[in-house]
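A.B. asks: The chain contents come next:
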Amino acid sequence: MKSVLAAVICAWLAVMLEVSGTGLIPRGALFLPVICAVFTWQPGARPLLIGGVLLLLDWIARPTLLPAVPLLLPFAVLLIVPHDARRRYEVRRILRLPTPLHIPLLTVIAAGLQCLAGVSYPVLPNSEELRLLVSHSLLPMLLMALPFSAVLALLVRLAEETGLRRPFLSELQRI
Amino acid sequence: MWLAACSLAALSLATAAADRLGLLSSVRPVLMDTVSPGRLLLNLQSGSAESVSAAERTQAQDDSHAAETARLEQQQMLRRLMIENAVLRRELQRDRRRFGLNDPEEVRSALLQLSLLPAQVLSCRDGLPVDLRELLVDAGRARGLTRSELVVQGHGGIVGAGRAQSVQPGDRVLDGLAVVGRIEKSARWVSLVQPISASGFRANVLLLRKTDAGAVFGARGILEGVGEPSCRLNGIAATEAVAVGDEVVAADVEGLQGPQLYFGKVVQADFLAGGQWDIRVAPAVSLEELREVQILHWELQPAEPSVTATENRRP
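From first to last, the protein sequence lines are chains A and B.
60 is the number that our numbering gives to position 44 of the first sequence; each next residue is one higher, with no gaps.
82 is the number that our numbering gives to position 81 of the second sequence; each next residue is one higher, with no gaps.
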């Protein structure tokens, strides 16, 4: 319950900061990394549901054409973040992405989905429009979101080192 | 976990469907309201921090001349008050002359006071303007907004007003300002705006044509948003002359006469075989470029009881 409350408060703060500086902070530059950190905080369905519901509430409050981020980002989390917490820091598996890169990679995917969700699909955009989309929407957001997600990844790792985050606990409880 | 992800996907699709049906329009201001206390606090803190830093800089730069500056400020304040007093006296005399007239329309006009309320666009549906159906602005019932108040964009003198000053639907705007939409819903700190191109928007308009002899008002019609980039102009008689390039201005604001608001320009005028006009109007402003808007109010002047008493005293 505490983690749920902390996730809601962090998401609320991120949205509040974004709304306060609409001209300075691109939409989702803070909120999406926070939600990606929520997704990766603990293995299990509960963070997935919490993050998904928060994404959905954000979409209701600040809608794009399609709710692509809450629709597809949970599947990306399932594909990128390993379910087994004990294997998170394994180095022998070649195809396993390093754990500190999970949040930045998920942030990039979420930012891309959010930009694509603003495109009108009755007429598919041409290459020039896509280039404008990347340069005007995606890059400004990533310039702020990627460093923030890296900081969050470090904080998550720090929390694990200091015992605030216990990803193995859920598995122990299950056993 | 896959079940949770699938459930979220289904919930997202259901939410998107509900949004398409317009079921979420009342939830959206409430959600934005939940972040508004923090946002307002942050804006307040940043504003006070800027003012404090500016004051500190001024004090550091001109510390030795503080007394002289204070004396000059007092003199300026005195002059300003004298000028203000003279202006108020002149306005009082003008109002007395105006209220003495027998024309009820003039009395009604004199009772109305127009004001503009600045508002920042908080959220705007991303994508093309075609699909843009609503905006969220950071002005709500706490600042006196009610439904159907017009939202205009432009520069100029801005005066804040609220419900405490009897703000009502039916506002007017200064010349040169273009109508963006109208308040559809207002919460405590935020309001939902319906753009003029959205379905359901209607306004009484007049055609305005520029000729060599000057500007000439044309036919009166009803401007309707149809959910497309251009609006439809209905109610124009077949005998009226319409041409591409005619300007479209507001005929009235919620039944009240006032300055013409600018809506846009006629971009298509086809005379159909059935004897009807098919007129399309391009809105004057692009919604996706909006960062700030002004909301126009009209209110009754505080002198209303005096006018009523004057009217009753008349034989």
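These are calculated hints, taken from the structure and not from any lab test.
Every value quoted in this text rests on a predicted model; they were computed, and no experiment measured them.
Be careful, since some hints might not be right.
To be verified - Output of the computed footprint for chain B on chain A, the stretches with three or more beta carbons under 8 Å from beta carbons of chain B:
| no. | region |
| --- | --- |
| 1 | 26 to 35 |
| 2 | 68 to 79 |
| 3 | 89 to 96 |
| 4 | 146 to 152 |
Cβ coordinates follow ideal geometry from the N, Cα and C atoms, glycine included.
A.B. asks: In terms of beta carbon proximity below 8 Å, does the region 26 to 35 of chain A have 3 or more residues touching chain B?
C.D. replies: Satisfied; 6 residues make the cut.
A.B. asks: Counting residues of the region 89 to 96 of chain A whose CB is closer than 8 Å to a CB in chain B, do you get three or more?
C.D. replies: holds (count 4)
A.B. asks: Confirm or reject the coverage of the region 146 to 152 of chain A by chain B under the rule of 3 or more residues with a beta carbon closer than 8 Å to the chain's beta carbons.
C.D. replies: Coverage by chain B is violated for the region 146 to 152 of chain A (0 residues, Cβ < 8 Å).
A.B. asks: Under a C-beta cut-off of less than 8 Å, do 3 or more residues of the region 68 to 79 of chain A approach chain B closely enough to confirm the stated coverage?
C.D. replies: It holds: at least three residues are needed, and the region 68 to 79 of chain A offers 9 whose Cβ sits within less than 8 Å of chain B.
The structure shown violates just one earlier hint, number 4.
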